[in-house]
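Please work from the sequences and hints to get the whole structure.
The sequence shown runs -28 to -1, 1 to 259 under mature numbering (1 follows the signal peptide of the UniProt record, and there is no 0).
Fair warning: there could be bad hints in the mix.
[Claimed, not checked] For each label pair, taking beta carbons as the anchor points, the in silico distance ranges come out as:
| hint | residue 1 | residue 2 | range |
| --- | --- | --- | --- |
| 1 | D82 | R237 | 25 to 33 Å |
| 2 | D72 | E241 | 50 to 58 Å |
| 3 | S230 | A125 | 44 to 52 Å |
| 4 | N238 | G129 | 42 to 50 Å |
| 5 | G129 | E29 | 31 to 39 Å |
| 6 | D50 | P128 | 16 to 24 Å |
| 7 | I66 | I236 | 53 to 61 Å |
| 8 | Y169 | D68 | 24 to 32 Å |
| 9 | G228 | P63 | 42 to 50 Å |
| 10 | G212 | A125 | 43 to 51 Å |
| 11 | D72 | S249 | 32 to 40 Å |
| 12 | A143 | D217 | 17 to 25 Å |
| 13 | S165 | S235 | 18 to 26 Å |
Note that these hints are calculated values from the structure, not bench results.
Note that beta-carbon positions come from the ideal geometry of N, C-alpha and C, so glycine has one too.
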Amino acid sequence: MSIMRTRNLKLFAAASIASACLTGTAAAQNATTGQNTTTGTTAAQEAPSGIDTARYEGRNLPELGWNDTLKRYNFDNDKFIGQRFSATCPPRNIRDKNDDLYGTDVYPSDNPICVAALHAGKITAADGGPFTLQVNPGLESYTGSSRNEVDSANLPGTKRSMVFLDAANTAAADEARAPYIPRVKWDMKFTKSGYAYKKLRGQRFTFNCPAAPSGRLRAITGTDSYSLNAVICVAAVHAGKITKDGGLVHIQMDEGKSKLVGSIRNEIESGNGSGSSGTVSYVDATF
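Okay, here's the thing in structure tokens:
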């Protein structure tokens, strides 16, 4: 059996697990809102009256078009399964027509993002707003419904899916994505991760660092803000996010800085730099 076929089988095998984890909260909500996910119909459901924007402050998030998809940001790819994408949707213009949408709570990864976010109740039509979604393995089938003046349809299975995060489902989402977080080599640079696209500035990515090998560690540049080619795990120790025993780290892609200043922290010395077109920083969570 080829490596690619083996990977695809693993993704579909995990799909039902991810779906169960990520729709468990929604199922509890359905009992209250009157959603019938078996027949694909819903009772009237109101969009949220407000959106928590505090968690997005200070982030340079992309502003989407109403029917933009993850493909525009090269994010609809197996390597992004388990990773999260944040952006801002505009208010829906009266001239905006919704592209086709499928599913309820969990949507195919190639669906229009803002249409799905409105259907899921994570933004409002009047105001739009910021959101975070997670890319997961695809489901074997999707059940449509009517919510927030948006209709979605039924669909057979797809390779990848997406789900929108909120405070209620983050723990389940963390559990669902755990098997897909890339375990990187200790000396891997962020620019070699496959995620360092310029159009993904403002996004946050999660990696699993191993324990540090013996011997001298590779050089890094900066303090708190590091060069884009920073060695992921070494800079994470310098930033105080992990120890040399390794662990999960969360990296945010940021704009460039005119100057990077080195320092000595946690027994690691970083150097000065003349600046770069992009930088990375370490955060405590991706949502």
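Against the structure, the hints:
no.	hint	in the structure
1	D82 <-> R237: 25 to 33 Å	violated, 43 Å
2	D72 <-> E241: 50 to 58 Å	holds, 54 Å
3	S230 <-> A125: 44 to 52 Å	holds, 50 Å
4	N238 <-> G129: 42 to 50 Å	holds, 46 Å
5	G129 <-> E29: 31 to 39 Å	holds, 38 Å
6	D50 <-> P128: 16 to 24 Å	holds, 19 Å
7	I66 <-> I236: 53 to 61 Å	holds, 58 Å
8	Y169 <-> D68: 24 to 32 Å	holds, 27 Å
9	G228 <-> P63: 42 to 50 Å	violated, 31 Å
10	G212 <-> A125: 43 to 51 Å	holds, 48 Å
11	D72 <-> S249: 32 to 40 Å	holds, 38 Å
12	A143 <-> D217: 17 to 25 Å	holds, 24 Å
13	S165 <-> S235: 18 to 26 Å	holds, 24 Å
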